[in-house]
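**Student:** These are the residues of each chain, in order.
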Amino acid sequence: MAREPRAVEPPSVLEGQDRSISRPPAIAAAGLYFAYPDGTEVLRGVDLTIEQGESVAIIGPNGAGKSTLLLHFNGVLRGQGDLRILGLPVENKNLREIRRRVGVVFQDPEDQLFLTTVGQDVAFGPANMGLERAEIAARVEEALAAVGMAGSEERTAHHLSFGQKKRIATATVLAMRPEVLVLDEPSSNLDPKARRHLVEIVRDLPVTKIVVTHDLPVVHQLCERALILADGRIVADGPVEEVLSDAALLAAYDLELPYGFNLPAPSRGYR
Amino acid sequence: MLTESRPSNSLVHRLDARAKILGLIGFTVVVVTTPGRAVWAFILYAAILLFLMGLARLPLGYVFKRALVVVPFVLMVAIFLPFFHRAGAGGYNLGGARVTGEGLLVLWNAGAKAILGVLSMIVLGSTTGFPKLLSGFEGLRAPRIFILIVGFMYRYGFVFLEELRRMQRAMVSRNYRARWLWNVPTLGRMLGALFLRSYGRGERVYVAMVSRGYEGAVPALNDSRFCLPDAAFLAVLLAVALAIRVTSSL
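Line by line, the protein sequences are chains A and B. To convert, count from 1 in the first sequence and add 963; that's the numbering used here. To convert, count from 1 in the second sequence and add 69; that's the numbering used here.
Watch out, some of these pointers could steer you wrong.
[What the hints assert, rightly or not] Simulated crosslink set (SDA-like; lysine to any residue; CA at most 20 Å straight-line):
| hint | chain 1 | residue 1 | chain 2 | residue 2 |
| --- | --- | --- | --- | --- |
| 1 | A | Lys1056 | B | Val276 |
| 2 | A | Lys1056 | B | Val279 |
| 3 | A | Lys1056 | B | Met278 |
| 4 | A | Lys1056 | B | Glu284 |
| 5 | B | Lys182 | B | Phe133 |
Calculated directly from the structure, the hints in this document are not laboratory data.
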């Protein structure tokens, strides 16, 4: 993907649809606008297209609207403007399917693990999909193994470390076998080892990934493309190396690489 | 904590939660209806519970400590009851107050039943574990909404306490001490902040539920099986207790 970083440009929604009629874009938004009931405008015309199979970071300073945008991806929030998820317009009749195919891992695992045991939490999504009992059990096992927590079905969330909670929260979503995985601040509050684990787990998943964060090293490890969201709009879009190496662009939106962090040479082999 | 089950894998631990719930609650009901004068019956009940504790390998010190919750209750009975009964055979004069024999019987009756009831709940609680207990009640067709509320209480009680502890530490770090009446408003504001945080948490949890396809009904996730040993446990426990109960009122 040799895309130039660019300033705000007209939406590429139609382009995206033309290219792959059999495989609609994972996310296609045009002029997405959202204001909270108290009148605070958060999204002021977001245009973005994310193809299936991409791994994309949405970065931006605090308060840019990242979390609000993320909640649109599975129809929890509904703004004005055109938004299609995997080709499906976000409408009531499609919500069930959209939520099955788009999995969101929230920032605070305490919010995502709400049942009494880990096994019940991981089974919650598949059970809501109406799967058979044996299939649910198989998926729970598979998802827990995928995050390196096999055999912890009977444990209770408050006996787990924060890093483990985060991994279980990821498993609760993986058990639904989503096609699009949306991660909200996946690395926040994690120690270096837990963070490396999480990156390794997520990096190898064969799904479309959307990472919402301001942790730029993690963006570099997980994503190929980066979008900057600022003031409710997408203000830059390009390959991750180009966006992250543009110090002036980052500084303009209150972002910066951590002190002492240098982007590794642009070969994708280094992680 | 009331939720700590003793991690072990004894025969009693492995029984289905439903068998233990029905068995031990049934046992308690039988105990409570036994006439207080049949002292030997209570001794036999206690022997049954001791046998179960031995089977479950519960350390007696642990059981004793947890059984202390009945003490305030029994003390209340002890303070009031002896004075409100008519004089009968036996009894003592304590200063100006006369303790009647019937009063003492009431005290024994209430005390013994309270202790046996608490002991059987300790056997249930410490061999079952909270999640299993909940799914047991779910399997017994307790209302789903009730199970869900209790489950959330259990899950978020800990989160809530942790938040409270953090706020307290933050206050103490800035030299706050609740010493005088005019310090009270700060506590009120703290409770308010805690309420707002919990409210926000509730919304985020709901969003996380909706995101995983929640549509108003939580699917049943109970997968335990009621097997022969479970039925045998239930039948034997209740049969023995009932036999003692019937004999005691002959």
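**Student:** Now look at each hint and say whether the structure bears it out.
**Tutor:** Each hint tested on the structure:
{"no.": "1", "hint": "A:Lys1056 x B:Val276", "verdict": "holds (18 Å)"}
{"no.": "2", "hint": "A:Lys1056 x B:Val279", "verdict": "holds (15 Å)"}
{"no.": "3", "hint": "A:Lys1056 x B:Met278", "verdict": "holds (18 Å)"}
{"no.": "4", "hint": "A:Lys1056 x B:Glu284", "verdict": "holds (13 Å)"}
{"no.": "5", "hint": "B:Lys182 x B:Phe133", "verdict": "holds (16 Å)"}
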